[in-house]
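3 is the number of the first residue of the sequence shown in this note's numbering; add one for each residue after it.
Think of the hints as simulated: they come from the structure by calculation, not from any bench. Incorrect hints may appear among the rest.
Claimed, not checked - Have a look at the derived ranges for each label pair, beta carbon to beta carbon: (1) Tyr49 x Thr76: 23 to 31 Å; (2) Gly26 x Thr76: 30 to 38 Å; (3) Glu64 x Ala13: 29 to 37 Å.
Unchecked claim - Keeping only pairs whose Cα atoms sit at most 20 Å apart, straight-line, the calculated EDC-like set for lysine to aspartate or glutamate is: (4) Lys9 x Asp69; (5) Lys67 x Glu39; (6) Lys67 x Glu57; (7) Lys9 x Glu68; (8) Lys9 x Glu57; (9) Lys67 x Asp42; (10) Lys9 x Glu39; (11) Lys9 x Glu64.
Glycine residues also receive a C-beta, built at the ideal position from the N, C-alpha and C atoms.
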Amino acid sequence: MKGLKNKVVSASPGILGGTPVFAGTRVPVQNLIDCLEAGDSIDLFLYDFPTVSREQVIAVLEAAKEDMLSVVAT
């Protein structure tokens, strides 16, 4: 997910102590993971966090998928 830095995900010591957040928001990426693990839908996540766009969510999930597949392939 390194390629997402400064595009979809950002981390800055001044924002939530450097926790990775969706760019332009203060919403931690971990919130998305927590919602999905709880069985919630992307739509519910977007409803709960309206400052995050669907495109950002999809980009994070795609990057996570690519990272996982590259690890499995090695």
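Each hint, compared with the structure:
In this structure, Tyr49 and Thr76 break the distance hint of 23 to 31 Å, their C-beta atoms being roughly 38 Å apart. Distance hint check for Gly26 and Thr76: the Cβ-Cβ separation is about 33 Å, which falls inside the suggested range of 30 to 38 Å. Distance hint check for Glu64 and Ala13: the Cβ-Cβ separation is about 19 Å, which falls outside the suggested range of 29 to 37 Å. Our distance criterion of 20 Å between C-alpha atoms is met by Lys9 and Asp69, whose separation comes to about 17 Å.
For a cut-off of 20 Å, the pair hint linking Lys67 to Glu39 stands: about 15 Å separates their Cα positions. Only pairs whose Cα atoms come within 20 Å are accepted, and Lys67 paired with Glu57 is accepted, the gap being roughly 15 Å. Restraint check for Lys9 and Glu68: satisfied, since their Cα atoms lie roughly 17 Å apart, inside the 20 Å limit. Between the alpha carbons of Lys9 and Glu57 the distance comes to roughly 11 Å, so the proposed pair stays at or under 20 Å and holds.
With a C-alpha separation of about 19 Å, the suggested pair Lys67 and Asp42 falls inside the 20 Å cut-off, and the hint holds. About 24 Å separates the Cα atoms of Lys9 and Glu39, which puts this hinted pair outside 20 Å; it is violated. A distance of roughly 14 Å separates the Cα atoms of Lys9 and Glu64; the hinted pair therefore holds under the 20 Å criterion.
Hints 1, 3, 10, counting from the list given before, are not met by this structure.
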